[in-house]
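Residue numbers (full-length UniProt numbering), protein chains in the order written: chain A, 1 to 287; chain B, 1 to 341; chain C, 1 to 235.
FYI, nobody ran anything at the bench for these hints, they're computed from the structure. If you're wondering where the values come from, they're calculated on a predicted model, not measured in any experiment. Take these hints with a grain of salt, some might be off.
Here are a few chain A residues that face chain C, going by a calculated C-beta distance under 7 Å [as the list claims (entries may be wrong)]: (1) R166; (2) R169; (3) A170; (4) D176; (5) Q179; (6) L180; (7) G182; (8) I183; (9) N184.
The beta-carbon is built from N, C-alpha and C at its ideal position, and this holds for glycine as well.
Here are the chains, one letter per residue:
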Amino acid sequence: MDWINALVQGILLGGLYALFAAGLSLIFGVMRLVNIAHGDLIVLAAFLGLTVTTATGMHPLLALIVVVPLMAALGYALQRGLLNQTLGDDILPPLLVTFGLSVILQNGLLEIYSADPQKLNAGGLETASVPVAGLSLGVLPLLTFAIAVLVIWGLQWTFYHTPLGRSFRAVSDNQDIAQLMGINRRHVFGLAMALALGVTAIAGILLGIRTSFDPSIGGGRLIFGFEAVIIGGLGNLWGTLAGGVILGVAQTIGAKIDPGWQILAGHIVFLLILAVRPNGLFPRISA
Amino acid sequence: MIVNGYTVTRATPAARVAAMLGAITLALLVAAPWWAGRADLRQLGELFLYLSLASLWNLMAGYAGLVSVGQQAYVGFGGYMLFALTMFAGFQPVVAIAAAGLLGALISVPVAALIFRLRGAYFAIGTWVIAEVFRLSFAQVSALGGGSGSSLPVGIVKSLAASRQGREWLSYWLALGAAVLVILVVHLFLRSRRGLALTAIRDNELAAGSLGIDIWRTKFAVYVLTAALTSIIGALIFLQKLRISPDAAFSVNDWTAFVIFIVVIGGIGTIEGPIIGTLIFFALRETLADLGTIYLMVLGAVAILVMLKAPRGVWGFIRDRYDLNLFPLGYRVSRTDNKEP
Amino acid sequence: MPDTILELHGLDAHYGDFQALYGIDLHVTEGEVLAIIGSNGAGKTTMMRSISGLLSNRRDQIRYRGGAIGSLRADEVALKGIALVPEGRQLFPSLSVEENLLIGGQVGRQGHWDLKTLYDLFPILEERRNVPSTSLSGGQQQMVAIGRALMSNPDLILFDEISLGLAPVIIKDIYAALPGIISQGMSAVIVEQDISKALSVSSRVYCLQEGRVSLEGASDTVSREEISRAYFGID
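Looking at chain A on its own, in the form it has when it is part of the complex:
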């Protein structure tokens, strides 16, 4: 029973990792950009949530209505003001600029919020649980997983059933020809980053409710998201969810064997999959 419990907890944890990963997957799909600051942006969202909840006394989930638009606006500004200038055939500028951004964000948060671990207080939600088939499942992990499924479904729908999604795919296929259709790719990239950071905001708030966070943990979140993307296969959002679940299960099973092995087990499963299936389990596009 303990093992089944670990498995189910891992699956639910995978929802959070899929949320970490969805933004990464989205911007890679649209503009082939890998954002090293992605993890720090998740942490930034958690801290924004902290500020909003402490200032207004709002419930953290309600704070999403402030933090999501805020992060989306930041994403648009960041893309148009900075990241668009790095895009091209050379991979160095985007990598090094987002790396610099990561260091700036991390130390900026350190300056404002100090290194003390913080947590978002979600009251009874944190401990509430429901019995399912002899297991006691936390309401928060269930909610997180449901939100992850919803977010990925929403992204998928946006991609395949809206004019914006059409523009995303067109720009991803061929930037020049997309420009001929009157699509300003700089604007479209801005919107893609806004959407990605909107999802990142959700991920950050749920992270902050689930565990304590401090400015230094961004790198770790980036890695989890990255592993979920690669395990699932590039360019496949549902694959990313599967990747998150596999990573989550590997971690909870690892922790069950030895608490010190939790994170390591996730990395090892990732490396194993990389060794066996270098393009991930469900690849759609090649890097």
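Got chain A sorted already, so can you dock chains B and C onto it with the hints?
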């Protein structure tokens, strides 16, 4: 060499002057224990180690197009190998340092085989995963102090040199020697056939591929070479510190962020860049270190600015302006004036 | 005399150190079909890329309805009512047939062309509207590429190498459809390797040779000799 009235040379006048100045500087630096204070000596030692890390990262990112944000894997690995080999295998520390380089090369082979499956930017994050795996693995080794780390036993420290001054001098010379070795190796590597292949790859991967240059093997060679040398530098870093812990050994900020900033600001893809960058980095640190986190934010911002506005860094700017080349890699062709038949 | 819709004044274009166009002077009048001919590498495609904004030029080198557009981006040029049917069709592989058409309409210009009128013109596309654009035959792909450009209801439409790589019977169909396409008050520039085809649909013709205009004349009066001299540079 004179062909049809054109002279082909590698050395430039500036390079000859630089070589002379370099030799004089090196002699002065070798003699530093006699003229520099203890604190300065320590500072210089640290500078040489950062210079080495920067030159190695530059070889990978600037020439081989392998952007790693996980070189702390080998810094920490080298450090831990120094501790393990001296404590459990009874190696003399200097021998252990060399052995750490060898082991670093060995372990980098399977690592490369794995992460070379990731392309471009994803390769970068893959290297970070590897560094995390190393960190978490060493944190599991209780003989090396687990998560809290351990100190180098006094007996081993004493085996380096009997007196404290002797140890400080020796570790200074080792750092200086390592920096000279690294710069020499990088320089010679870039002048070799494989090095020229690297420049070809950097300039155009498609064209280089069609010329039959085995891109993968060349990148692989660079990765293993830098892993070996980075491990040696890591061992030297923790020989200076005398204490190691997983968080310090595998710190992404200390061993990768700073190094990337040094190279980007100094000039990526040039041999001189890391040298200039290291000097700027230490000068900035002296003046701004009190600012703590702000210092890091400034560094990050400067690096972003340089990347966007002057992608070849401070050195690239100087070189374009004055046509200098202190470590000539290629040959130059110039018209010879004497009119031969 | 009808108004000029597009003018090129001393248009130069470069790819790095390589100069592809040298001081091209050219104009298109309202409602006319202009043909551009010339051998491979003469600069025809470069000219199309310049007009459509994919290559940036000096502001004044290209004027459209009196306004300088030489330095505008391609999306800005598209909004002004110039559409390009690119060489090699270049459909979006991730988009279905209908989505390829719809994305052309995203420019948001109103006019004769919409999905309905387009499907009337090319009924086969309605049949295949939901399949990936990559699964179409070359001729059908060219129909989508033309339709995609028409969906933006342009005032000036540019066809780059309209028949390149297509079977003769398909080329015949496409040319048969051209008058119906252009009759809606549009002006058109057709880049074509097949000289007789080019002359048959156009009112005037320009020949490019090594980045320069080597011949300009009315399509029904230029002689074979003039053309081959302009085309190959043989005296």
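Holds or violated: is there a CB of chain C closer than 7 Å to the CB of N184 (chain A)? Hint holds; N184 (chain A) Cβ to chain C Cβ min 5 Å, cut 7 Å.
For the hint on Q179 (chain A), just tell me whether its beta-carbon gets within less than 7 Å of chain C. The hint holds - Q179 (chain A) has a Cβ within 7 Å of chain C, the shortest such distance being about 4 Å.
Residue hint G182 (chain A), partner chain C, criterion CB-CB below 7 Å: Since the shortest Cβ distance to chain C is 4 Å, the answer is holds.
Does the interface hint hold: is L180 (chain A) within less than 7 Å of chain C, judged Cβ to Cβ? Interface hint status for L180 (chain A): holds (5 Å vs cutoff 7 Å).
For the restraint on R169 (chain A), tell me whether the closest CB of chain C is nearer than 7 Å. This interface hint holds because 4 Å falls under the 7 Å limit.
Hint validation: I183 (chain A) versus chain C, beta carbon distance must be below 7 Å. Holds or violated? Holds, because the Cβ-Cβ distance from I183 (chain A) to chain C comes to roughly 6 Å (cut-off 7 Å).
Measuring from the C-beta of D176 (chain A) to each C-beta in chain C, is the shortest one below 7 Å? 6 Å, holds
Per-residue hint verdict: R166 (chain A), partner chain C, C-beta under 7 Å: 5 Å, holds
Satisfaction of the A170 (chain A) interface hint, Cβ to chain C closer than 7 Å: 5 Å, holds
Violated hints for the displayed structure: none, as all numbered hints are satisfied.
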